[in-house]
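*Asks:* Spelled out, the chains give:
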Amino acid sequence: MFKDKILVIEDEAGIRSLIAAVLTANDYDPILSVSGADGMSMLTSHCPDLLLLDLGLPDMDGMEIIRSVREWSTLPIVVLSARNHERDKVAALDAGADDYLTKPFGAAELLARIRTAIRHTRTQLPSSMIASSGKFCTGELVIDYDKHCVFLRGENARLTQGEYRIVALLGKYAGRVLTYDFMIRELWGPKAKSDNQILRVNMANIRRKIEDNPADPRYIVTEMGVGYRMIEGE
Amino acid sequence: MGGFYWVYRQTEGGALWPVRPANGGMGLLSGSGEREAGGLSPKKDPLYNFLTSDYDILWRQDLKRNPRQEVYLRAMKRTFHEWFRVSWRDTGVSLAILLGAVALCAVLLRLDPSGGYASMVFVLAVVCIARYTAGYLYGIFASFVGVVCTNYIFTYPYWSLDFSVAGYPLTFLAMLAVSIVVSALTTQIKDHERLRSETEKEKLRGNLLRAISHDIRTPLTSIVGSVSAILENGDKLPRADCRELLTHVQEEGQWLINMVENLLSITRMEDGGALLSRQPEVLEEVAGSAVQKFRRRHPAVEVSIRAPEEIALVSMDVTLMEQVLMNVMENAVIHGQSTTAIHISFRQERETVTMVIADNGGGVAQHLLPHILQDTYAQFQDRRSDTRRNMGIGLSVCRTIIAAHGGVIAVKNTEQGAEFAITLPLTGEEETDV
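Read top to bottom, the protein sequences are chains A and B. Counting from 1, position 61 in the first sequence corresponds to residue 61 in our numbering; the numbering is continuous, with no gaps. With positions in the second sequence counted from 1, the corresponding number in our numbering is that position plus 1000.
Derived by calculation from the structure, the hints in this document are not laboratory data. Owing to the predicted nature of the structure, the values given are computational and were not obtained by experimental measurement. Beta carbons: idealized from backbone N, C-alpha and C, even for Gly. No incorrect hints appear here.
Quick list of in silico lysine-lysine cross-link-like pairs, DSS-like style, CA-CA up to 25 Å: (1) K1190/B - K1201/B; (2) K103/A - K5/A; (3) K135/A - K209/A; (4) K103/A - K1293/B; (5) K147/A - K209/A; (6) K1293/B - K209/A.
In silico negatives: residues of chain A with every beta carbon more than 12 Å from chain B: (7) T24; (8) D38; (9) P48; (10) M129; (11) G175.
All chains should be modelled from the sequences, with the hints used to inform the complete structure.
*Replies:* Structure follows, in structure tokens:
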């Protein structure tokens, strides 16, 4: 059977072999690279299905790699970064990375992120679902893009115009984490000041309308310090 | 001013690696630019030692916010720099105090035209300047200015410099000498005080480091032991035993990660919390996110959380606040022994919000109640050898973090178990319509 090729650019040997072991055991084909320059040349020669990139490489800034890949490819990129480096994660996501993992991470988390990222480029699931039916469904939540309404268990959740736009945006990119800045730009234009407070308060109100327990959300999860993520549709 | 530039590249561990000199400056260290590929360790690098032992970093600029940022440093020989430091702030302070002295003398001149108090007022100004500026430069400078001002404005002949009147040379020389000596003494006392508080801090830090190293060694020994047992006996070891050893390794590893996360939080808290990045956040969102993270680590514990009716906005550093919640919940599991459920609720007052984290475990031992929320440093200072491992660093970190946010953390035992209450000040809600 054909295996997905995953290029791993990571300078720490321990983590590299851990990732390789987990990936091999789960039917992926890992290609290992120890440095940014090496990784860049592997990228063109192997044409991997996904790039797993450590942001703290010794020879190159991980951001440069993301930017140069994004110039010619939509290859899914998952970045690895340490806790306390929220700003790096946000910058990587804004530069075009698809997802991130915080070190230290577990095998299950790594596989889940890889699966999501690969499936996304293959099928463009949410957008195809939206395009064919005009709706996005997940669990008991339905976003109706034609009627501009959100339904929970068939009932209108009575979101305001602004709240609907936030949910609609998250639904369009379901499964992916959207950074605060990205959302603000999309919702209120490039000149809006990046004040997260309005977004946070709106989100708290949205959760009071669509979640059974607003403090324990099921549909829209918080990625602390980074942004929000709508869980994937079905 | 002299000094030189040097470019350092900072690695993830926080060490500085020399890369190349930029802009020769004094040219003191030029010609050492081939270190780029060398990869010398900062400890072995004579240049680095030289820089940090005898020189002060005058100015530094971080070029990129990423783990391998480049840092421009400008350094200068320590003693000279300390004594004669020039800064906008100190210049401003000196000028303000001198102008104040002139104004005071001008007012007094109306009341008493003799002008005999002018020299005293200026000596007082010199003391103030020496107290509130760094180094000797401004005190000495102010002494001269004081003498000139007194002579020029406030003594006969008015509005002209004249040191030749009978008795003047001695008077003004004495005034100059007194001013300079007083300013030098003030500066010295100030330096001594600073040195003493720094030594004290160093001592506390040393204690903390010792205690932590001790704590870290125990799980590491067990990890290395377990892993080598598996590696060496590979096939002979029954599968179940192997699994048990590995589970143990995972637990100890997780404990070490928590420890390190707490240490990272401590370093962020230093310098009076200057490194905190605070923003208004919705409290329930932060708590909810911590709960979801906690569930992944401890799937066996049932955690419930009830959102408040009203949205509570609190200005906080999310990473640290999440750490607080994780620590309190971890504590409930590890030290509550029989904890199976944790419940988080909120109580909102007019200007504060209180987050209550209650568990159904064994509660906190009565004799420990007053101590578990002590200050980190204090706790490590009077720690005895019989204290249990991990007792406290998590909770004392919580206390420090909450205090830096202007809040209070309290603990009490209830009928069910232990209950932690974290009270934080609310921030005003601004216009939130889209």
